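Asker: Please arrange chain B on chain A, whose structure you already have, making use of the hints.
Going down the list, the sequences are from chains A and B. 1 is the number of the first residue of the first sequence in our numbering; add one for each residue after it. 1 is the number of the first residue of the second sequence in our numbering; add one for each residue after it.
No lab work stands behind these hints: they were computed from the structure. Take the hints with a grain of salt, since some may be wrong.
[To be verified] Capping the alpha-carbon separation at 16 Å, the derived lysine to aspartate or glutamate pairs in EDC-like fashion look like this: (1) A:97 <-> B:45; (2) B:142 <-> A:174; (3) A:97 <-> B:48.
[As the list claims (entries may be wrong)] Selected chain B positions facing chain A (Cβ under 10 Å, derived; list incomplete): (4) 8; (5) 33; (6) 44; (7) 45; (8) 83; (9) 87; (10) 88; (11) 134; (12) 175.
Bear in mind the structure is a predicted one, so any value in this text is a computation, not a measurement. For glycine and all other residues, C-beta sits at the position ideal for the given N, C-alpha and C.
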Amino acid sequence: MTSSLRATMQDGLWTNNVVFSQMLALCPTMAVTTSGTNGLGMGLATTVVLVTSNMLVASIRHLVSPQVRIPIFVVLIATLVTLVDLSLNAWLHDLYKVLGLFIALIVVNCAILGRAEAFASKNSVLASAVDGLAMGLGFTAALTVIGLIRELIGSGTLFAQASLLLGPVFRFLETTVIPDYGGVLLMILPPGGFLVLGLLLAAKRAFELRPRNAKGAVSPEPTFA
Amino acid sequence: MSSRLAATREQLSYQGVSLGMMALIASAALVIASNATRLPIAAAEAHDLQTSLAQVLPAGFADNDMLADKLEISTSDGARKVIYRARKGGTISGAVFQSASRGYAGDVVVLIGVNTEGTLMGTRVIKHVETPGLGDKIELAKSKWILAFDGKSLAKLPADKWAVKKDGGVFDQFAGATITPRAVVKAVKSGLDFFATHRSEILQGDKP
Numbered sequence: 001m002t003s004s005l006r007a008t009m010q011d012g013l014w015t016n017n018v019v020f021s022q023m024l025a026l027c028p029t030m031a032v033t034t035s036g037t038n039g040l041g042m043g044l045a046t047t048v049v050l051v052t053s054n055m056l057v058a059s060i061r062h063l064v065s066p067q068v069r070i071p072i073f074v075v076l077i078a079t080l081v082t083l084v085d086l087s088l089n090a091w092l093h094d095l096y097k098v099l100g101l102f103i104a105l106i107v108v109n110c111a112i113l114g115r116a117e118a119f120a121s122k123n124s125v126l127a128s129a130v131d132g133l134a135m136g137l138g139f140t141a142a143l144t145v146i147g148l149i150r151e152l153i154g155s156g157t158l159f160a161q162a163s164l165l166l167g168p169v170f171r172f173l174e175t176t177v178i179p180d181y182g183g184v185l186l187m188i189l190p191p192g193g194f195l196v197l198g199l200l201l202a203a204k205r206a207f208e209l210r211p212r213n214a215k216g217a218v219s220p221e222p223t224f225a
Numbered sequence: 001m002s003s004r005l006a007a008t009r010e011q012l013s014y015q016g017v018s019l020g021m022m023a024l025i026a027s028a029a030l031v032i033a034s035n036a037t038r039l040p041i042a043a044a045e046a047h048d049l050q051t052s053l054a055q056v057l058p059a060g061f062a063d064n065d066m067l068a069d070k071l072e073i074s075t076s077d078g079a080r081k082v083i084y085r086a087r088k089g090g091t092i093s094g095a096v097f098q099s100a101s102r103g104y105a106g107d108v109v110v111l112i113g114v115n116t117e118g119t120l121m122g123t124r125v126i127k128h129v130e131t132p133g134l135g136d137k138i139e140l141a142k143s144k145w146i147l148a149f150d151g152k153s154l155a156k157l158p159a160d161k162w163a164v165k166k167d168g169g170v171f172d173q174f175a176g177a178t179i180t181p182r183a184v185v186k187a188v189k190s191g192l193d194f195f196a197t198h199r200s201e202i203l204q205g206d207k208p
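Extracted from the complex, chain A is given alone in its bound form (with noise of 0.2 Å):
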């Protein structure tokens, strides 16, 4: 069991990464990774949704029948998402001031009914929990790392107002790399989003294709859910 919770794990966090590996959740990637912050803000959104419909779906598997499953797993979700919304919207303003804008386009991240159908729907509650949590911080780490390479070409900074999302204490995280920098509009801009991406892909498909020595063990090929 716990090996295989350890699988579940390394699955969402690398081998089946959401966005590097099952390039689902496209949408929301491109539109908020201009900044590190943003894309962290994102991912951790997400992956509190996605631990709750994971559990939720989970919890109800047996009740539901596979004809109807998808209308009852959309509407699920998307009654979760407003959940979220409004109380936060409510009791963490200062917050929603800032995730605000992500929390809406999480109802249309399709990873989350992804892993509703391809996981949760087959599994037991914990499992479905540990899946979600894995694919969330594996998301999360994607969109970090898309967020701060296009900042740090295009604005010459990292983190910027990391200090709003997280609390003043996070403001040591607020680095100015390049100071009077004028910064490069296109990696701002959705085209910079795809060619990081894309750089990123190359570069995780080249580490998982690298020749192995003598243990002549062979790379997982991500598997397709």
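Answerer: Just chain B now, kept in the frame of chain A:
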């Protein structure tokens, strides 16, 4: 999973009812959440508005609850504009209101604070969808550009100088972005024009 449940799941009636139940539960959850959050959300939004009102007026400029002292005026194009009045010791000392103009990607909405003479006390862009990294220098968080409006008025600055430098005015444009600052200047100017037109109406303080 019992075989009985598996058999039941195949029935059309079960599927229809389960969909209906899901919709019912979802609607109930949304109604409860909407009711529970309505007041906190309204309070948080009022607090936000209070904060932005305070930003466009100098500290100590007003001692009243500006949110309560609001006035609605119909503009020439039929829209209704809300004006918040600032009072000091019961006398009206200024007003705060919104103005908007079409920017590069959508409306740029500015909040304007003026004194009774129509001199700008402060200006903030409160809503825009301009290009990040280019047009967003109109936000105070990104650049001090917006502070250039402080102290300006229609009386001190002739109408043709209310433009970016490229168009012969006095306000800086940004490298690579002229449309956005142009929109802000236009929004502020039209806000001041609006105040000049309705000045007597706004300053008519019947309430203490």
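Asker: All hints, please: hold or fail.
Answerer: Hints and how they fare:
1. Under the criterion of a C-alpha separation no larger than 16 Å, the hint pairing residue 97 of chain A with residue 45 of chain B is consistent with the structure, at around 11 Å.
2. With a C-alpha separation of about 14 Å, the suggested pairing of residue 142 of chain B with residue 174 of chain A holds against the 16 Å cut-off.
3. At most 16 Å may separate the alpha-carbon atoms for a hinted pair to count; residue 97 of chain A and residue 48 of chain B meet this at roughly 10 Å.
4. For residue 8 of chain B, the shortest C-beta to C-beta distance to chain A is roughly 9 Å, which falls under 10 Å, so the interface hint holds.
5. Against a cut-off of 10 Å between C-beta atoms, the interface hint on residue 33 of chain B holds, since the closest Cβ of chain A lies about 5 Å away.
6. Restraint check, residue 44 of chain B versus chain A: the minimum CB separation of about 4 Å is within 10 Å; hint holds.
7. Below 10 Å, beta-carbon pairs count as interface contacts, and residue 45 of chain B has one with chain A at about 8 Å; its hint therefore holds.
8. Interface restraint check: residue 83 of chain B against chain A, minimum CB-CB distance 25 Å, threshold 10 Å, status violated.
9. With 10 Å as the threshold, the beta carbon of residue 87 of chain B stays out of range of chain A, its nearest partner Cβ sitting at about 28 Å, so the hint is violated.
10. Of the supplied interface hints, the one on residue 88 of chain B is violated, with its beta-carbon coming no nearer than about 30 Å to a beta-carbon of chain A, more than 10 Å.
11. For residue 134 of chain B, the shortest C-beta to C-beta distance to chain A is roughly 6 Å, which falls under 10 Å, so the interface hint holds.
12. The interface hint given for residue 175 of chain B is met, as the beta carbon of that residue sits about 8 Å from the closest beta carbon of chain A, less than 10 Å.
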